[in-house]
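J.: Build the full structure now, drawing on both the sequences and the hints.
This is what each chain is made of:
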Amino acid sequence: MASKTLYSDPRLKKRDDFEDILEERRNSSDLRYALRCYTPLLYKGITPCKASMLKTTVLKSDHVHYVIQQLSKEMGESPDIIKEEAAEILEEMAQSLQLGIIRFFAFTLSKAFKKLFQRVKVNEEGIQRLQQAIQEHPVVLLPSHRSYIDFLMLSYILYTYDLSLPVIASGMDFLGMKIVGEMLRMSGAFFMRRSFGGDKLYWAVFSEYVKTMLRIGYAPVEFFLEGTRSRTCKSLTPKLGLLNIVTEPFFKGEVFDVSLVPISISYERVLEESLYAHELLGVPKPKETTSGLLKARKMLGDDFGSIHVYFGHPVSLRSLTQKKINRSNFNLVPRHIPRKPTEDIQAFVNNTGYRMVRLQQENMVVSPWVLIATILMQDLPGVDSDYLIEKTAWLRSLALLFGAFLDWPDHVPTSKVVASSVALHHNIVRNVNGRVVLIDEEKPNDNSSDDLVFKKAVTVLMCASYRNQIMHVFIRPALVAAAIHTACNARKEEVFSYFNFLRELFANEFIFTPGNAVQDFEDGCYLLVKCDAVQILKQDFVVTETGQSTISFLVAMLRPFLEGYQVVCKYLSEEVIEGFTEMQYVPAVRTFAVKMIISGSLKSYDVLSSDMQKNCLAALLRLNVLRKTKLADQITIKINQAAVTRLVDALDGKTPVQKAALARL
Amino acid sequence: MTRRQAMLEVLNGVCIQMWSFHYTLHGSSMASDSNISELQQNAKERLKVISGHLQKPANREQLRVSANDCKAEAADQSLEKNRAIPKRRQEILKWNGWGYNDSKFMFNKKGQAEFTGKRYRLSGMVLPALREWFEKTFGASLEHKTPARSALNPSEVPPPILNEGFVQDLKGTAIPFSHEAEDRIFRAHGHCLHEVFALREGKFERVPDLVVWPNCHKEVEKIVELACKHNICVIPFGGGTSVSNAVECPSDEKRTILSLDTSQMNRILWIDEKNLTAHVEAGIVGQDLERLLNESGYCTGHEPDSMEFSTLGGWVATRASGMKKNIYGNIEDLVVHIRMVTPRGVIEKSCQGPRMSTGPDIYHFIMGSEGTLGVVTEVTIKIRPIPEYQKYGSVVFPNFDQGVACLREVAKQRCAPASIRLMDNEQFQFGHALKPQVSSIFTSFLDGLKKFYITKFKGFDPNQLCVATLLFEGDREKVLQHEKQVYDIAAKFGGLAAGEDNGQRGYMLTFVIAYLRDLGMDYYVIGESFETSVPWDRVLDLCSNVKERIIRECKEKGVQFPPLSTCRVTQTYDAGACVYFYFAFNYRGLSDPVHVYDQIEHAAREEILANGGSLSHHHGVGKLRKHWLQETISDVGLGMLRSVKEYVDPNNIFGNRNLL
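For the record, the sequence lines run as chains B and X.
All residue numbers for the first sequence refer to full-length UniProt numbering, where the first residue is 1 and numbers rise by one.
All residue numbers for the second sequence refer to full-length UniProt numbering, where the first residue is 1 and numbers rise by one.
The hints are simulated quantities; they were obtained by calculation from the structure and are not laboratory data.
Don't take each hint at face value.
[Said to hold, decoys possible] Calculated pairs, PhoX-like style, for lysine-lysine (alpha carbon to alpha carbon, straight line, at most 25 Å):
1. B:K323 with X:K623
2. B:K324 with X:K557
3. B:K324 with B:K340
T.: Right, dumping it as structure tokens:
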């Protein structure tokens with residue numbers, strides 16, 4: 001359903017206009033701005049409550065009380081001791097939102113943002129919708145996550161528009177930062193451990209804390225569905241823990257409804273772009289430290305272009321559940337007793353997670369540079385700038401046809417747009433004698449050493465991260481194109497089978513709503529027909545004459561991914577005899593791929609990315625090509641070599657893939 | 001398929017208390033005096049008032065009738081005069097609205113609201129604040145009227161489908177019957193909104209073809225036997241106060257539909273003072289039963305808000321609940337013995353032991369059977385001496401949450417008074433709108449002072465505060481003690497005692513409130529009440545979610561004006577409470593207001609179920625809520641009920657199609 005509304009005709013999508021909020025900041029006093037009267041409209045059903053009161057409420061809650069009693073029985077520990085532990089957890093986790101610190105941030109961030117960014121553009125209609133939503137029901141803010149800036153930016157914007165400031169679920173890592181961690185706490189951040197699997201007390205305290213804030217309408221609750229910053233700039237598959245927590249009060253009738261607000265934050269140039277590329281190549285993420293932050297000041301001299309923040313339409317949880325969830329299933333057990341969600345609840349929450357990520361994607365703004373990067377990635381190390389301009393114009397119209405949300409300046413010739421984009425991303429490309437090439441490409445064919453490969457890989461992965469920003473627009477038609485290209489014949493059912501095979505394979509790589517294969521296929525077909533690339537005659541696909549280049553382009557867009565997965569398979573069949581551990585896997589594949597690159601047998605650098613390697617591993621486990629076994633406390637991954645061979649053949653189109661269920665086609 | 005029987009009159013207890021509020025039937029406030037005999041006198045007086053709004057009970061009727069012999073009674077010509085509701089209901093009841101012909105709300109020439117007639121305490125009084133409240137709450141205007149058809153036009157009533165054989169045989173029995181249009185129309189409906197709305201517009205669908213008035217158990221047996229013989233459909237009819245569509249005739253019923261009016265089976269057959277029970281014919285109306293028992297110094301204590309009109313048989317058939325159930329129990333606690341005529345024969349138990357372990361209690365197949373299995377003809381019911389002392393009371397809470405917390409605590413300590421009800425702020429305000437004109441400057445000064453004290457001095461927000469009304473009953477001493485205990489608890493939740501008067505008005509208003517719907521319907525306002533029961537921990541969430549759902553559904557369905565969406569907690573139990581919702585809106589601008597109303601009520605019920613509420617606390621299922629019965633009692637549960645129906649009434653003689 002969602003994808004129907006999303007994709008049936010992307011052109012019909014109406015999007016709001018943007019306003020630049022920095023403009024006013026450049027023309028008036030930041031100090032006055034930071035000290036101005038701030039009186040947001042609140043939730044109409046709010047129970048007034050101070051941050052410190054929240055903690056008491058949580059500790060006294062039936063839920064926490066119940067869990068403490070249970071644990072006390074299980075462990076033979078006195079409830080008081082466990083309660084103290086709970087209080088400590090709460091102490092560590094709780095936010096302490098204070099207007100003073102907000103004002104401090106309002107001032108300093110104004111200064112910083114003005115230096116870093118040309119514009120911060122916000123859809124004001126979205127802000128109005130949000131303001132309305134905040135008054136009516138508890139609100140959950142679900143921003144995309146590409147940068148540490150995200151949550152600062154969001155709070156900054158909400159302050160600017162006089163909206164309620166959110167409380168934000170953040171990783172514990174920030175607490176490691178002296179002063180800064182506490183400042184974040186005072187600006188509304190609350191901290192969760194990255195993993196607390198099995199710790200019932202922690203889960204109880206944490207979930208009750210979040211639910212309490214939601215129930216009483218304390219403040220909008222903000223968290224990142226993707227769980228972490230996407231280093232690749234592709235959306236990550238949704239993590240469901242917090243989504244489960246914030247949906248529960250509705251299921252249990254504790255609130256009338258909850259508004260889920262997808263927010264898309266798009267960066268023309270991501271602050272962490274180089275860090276990410278390094279991380280993906282195995283250089284550990286620098287620890288969040290205050291001194292690190294101070295060092296990062298040097299970035300203030302650089303230009304990071306524009307940011308677009310799009311507040312999507314609030315989605316009513318109540319309306320999502322209609323006819324899907326029977327809330328009376330919660331009638332028979334007291335509501336404070338924690339229970340594992342039933343299967344239909346899990347499926348619903350999972351589906352909702354995907355739906356929200358898709359909604360984020362839908363309103364991600366794509367900059368011209370993303371188109372350029374997409375083209376470059378197919379023609380590394382570089383192309384003639386005339387060709388690039390022509391191709392960019394072509395890709396622009398294709399992307400628009402497919403419903404991309406492009407930020408293209410009015411009345412500016414394509415050549416100028418390309419030139420300024422190239423200039424902005426001077427750390428990735430430069431224009432050398434009429435050719436736009438990646439930097440460090442002066443000696444393009446020198447792949448002689450690991451070091452050089454690494455250096456080059458950093459640039460390529462940075463470039464790839466921009467291409468990735470538009471993958472969600474192209475992925476469905478691209479998979480259909482690849483299926484037409486590879487399938488044994490052009491019959492619709494064959495094409496669908498192969499499409500479905502790829503879709504399954506890439507389910508960790510791209511966002512596909514589970515169970516929505518037919519719709520995804522129809523959407524892909526629809527777009528290919530719409531751009532005149534194919535015609536569907538009866539049950540056969542026919543690629544039109546003019547469509548050939550489109551199909552090739554789309555297939556080429558997918559190629560790095562296909563190649564990456566093939567490399568992993570090759571590694572598995574050539575290098576692994578019995579099995580391997582998860583620890584060994586990433587470095588081993590990387591080493592293997594580097595060798596291939598040095599030897600010239602592999603052109604694509606994408607597979608060096610640990611993200612792709614991990615996605616591939618997950619896919620192979622999911623498809624039962626690999627299998628986890630536990631041997632003496634160590635998890636070993638076993639290979640089914642026959643399955644690997646079958647997979648490789650299928651990827652090459654040598655053997656038809658298994659028929660998918662076609663009933664609904 | 002099949003169905004039911006009757007009683008349906010049902011629903012008695014049930015029904016209709018639309019909007020409740022203050023003010024009372026009559027006069028003087030209950031005893032707070034120490035003179036015992038005066039107290040008793042007062043108590044009697046009050047009960048008389050509640051029960052018999054007849055001006056003058058004519059000469060006393062014999063209390064003890066000789067056994068169940070119908071003949072004894074043929075001689076008793078005075079009996080009819082002694083009953084509140086005559087056999088020809090049309091003589092004193094409205095044909096298209098609630099209650100007595102002579103009692104109704106109207107706006108007088110000055111545009112002020114008043115209540116006509118002489119039956120109730122509010123009768124003849126002017127209610128100066130009602131108009132403003134009415135216009136403000138609903139956006140209604142006295143300019144925009146929607147008057148009802150003035151008179152029933154018998155020629156518009158569909159002609160009866162008569163099974164000649166049955167009619168012949170019935171004549172042979174000498175049991176009175178009629179197929180006059182008026183008699184049939186009066187037994188064709190309960191008091192659901194759509195039923196009354198249709199009457200006001202003069203629209204009739206399927207109505208009973210025949211009305212029969214058996215005088216005793218034996219005659220019922222005879223009628224049911226003939227009905228089986230000729231395969232006609234029998235719908236039992238008692239007080240006609242159903243709000244679940246239970247009395248409505250299935251529109252596709254092709255057989256002759258016989259309305260079996262139990263009203264003439266209205267005698268107390270005996271009173272057993274040793275065991276404190278009374279054996280009573282099931283057609284007796286609540287107010288008559290109470291009045292007659294009072295004459296012997298007893299009462300049942302069962303006081304559903306509909307007790308002026310609903311009957312004992314109807315209470316049994318719907319599992320009725322009475323306002324004072326905390327002392328006397330609900331109908332299932334009160335009943336000792338039941339006799340019911342079914343197509344298979346008579347069902348009853350062989351003794352009157354107070355409790356039995358003899359397999360599942362067969363009376364529980366009868367209680368709540370809603371007329372689908374047979375006709376309840378006689379009931380042995382517990383009685384109690386009339387309480388020595390009664391006292392009303394009320395408590396103001398700063399908000400609804402505190403009020404609910406207090407009720408919960410009262411229930412926890414098991415010290416609930418005879419009745420304790422908590423209304424939300426909207427109802428509190430509504431109650432104010434129903435205050436009669438104040439007679440003296442002094443009273444109005446006092447009122448002003450009270451208001452000042454509560455809102456200014458105590459800091460209660462007039463848009464948040466809510467009121468609990470209380471009724472204590474028993475020995476004077478114990479009542480006073482009890483009262484203190486309850487007020488002490490209330491104080492812990494910020495409650496302030498707000499006087500006896502307010503409490504008494506709250507209860508008495510219950511009896512006139514149903515009349516208000518008719519007034520609304522004259523001015524484009526339609527509404528209804530519905531109820532549920534819910535565990536304590538979900539009371540608040542359920543109340544607020546259901547109210548919100550109603551408001552939203554109204555908006556979505558195109559209702560042009562904000563609705564009245566309000567609730568109160570009317571009963572407390574160990575494990576939960578009964579919650580009553582009132583919902584009304586101005587339907588100007590809607591082409592099919594009743595349909596819109598039904599959709600919204602449906603949505604509200606879905607919301608109730610999703611929030612842990614039950615399908616019904618005491619109104620019953622009828623046809624209105626059948627849709628949800630399966631999910632409420634499970635497939636197997638429904639199958640069990642079906643198999644009982646199939647055994648008892650394989651040809652669906654009791655074909656009102658309630659419940660299953």
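J.: Could you run down the list of hints and mark each one as holding or not?
T.: Results of checking the hints against the structure:
1. B:K323 with X:K623: Holds, at roughly 23 Å.
2. B:K324 with X:K557: Answer holds: K324 (chain B) to K557 (chain X) is near 22 Å, not above 25 Å.
3. B:K324 with B:K340: 18 Å, holds
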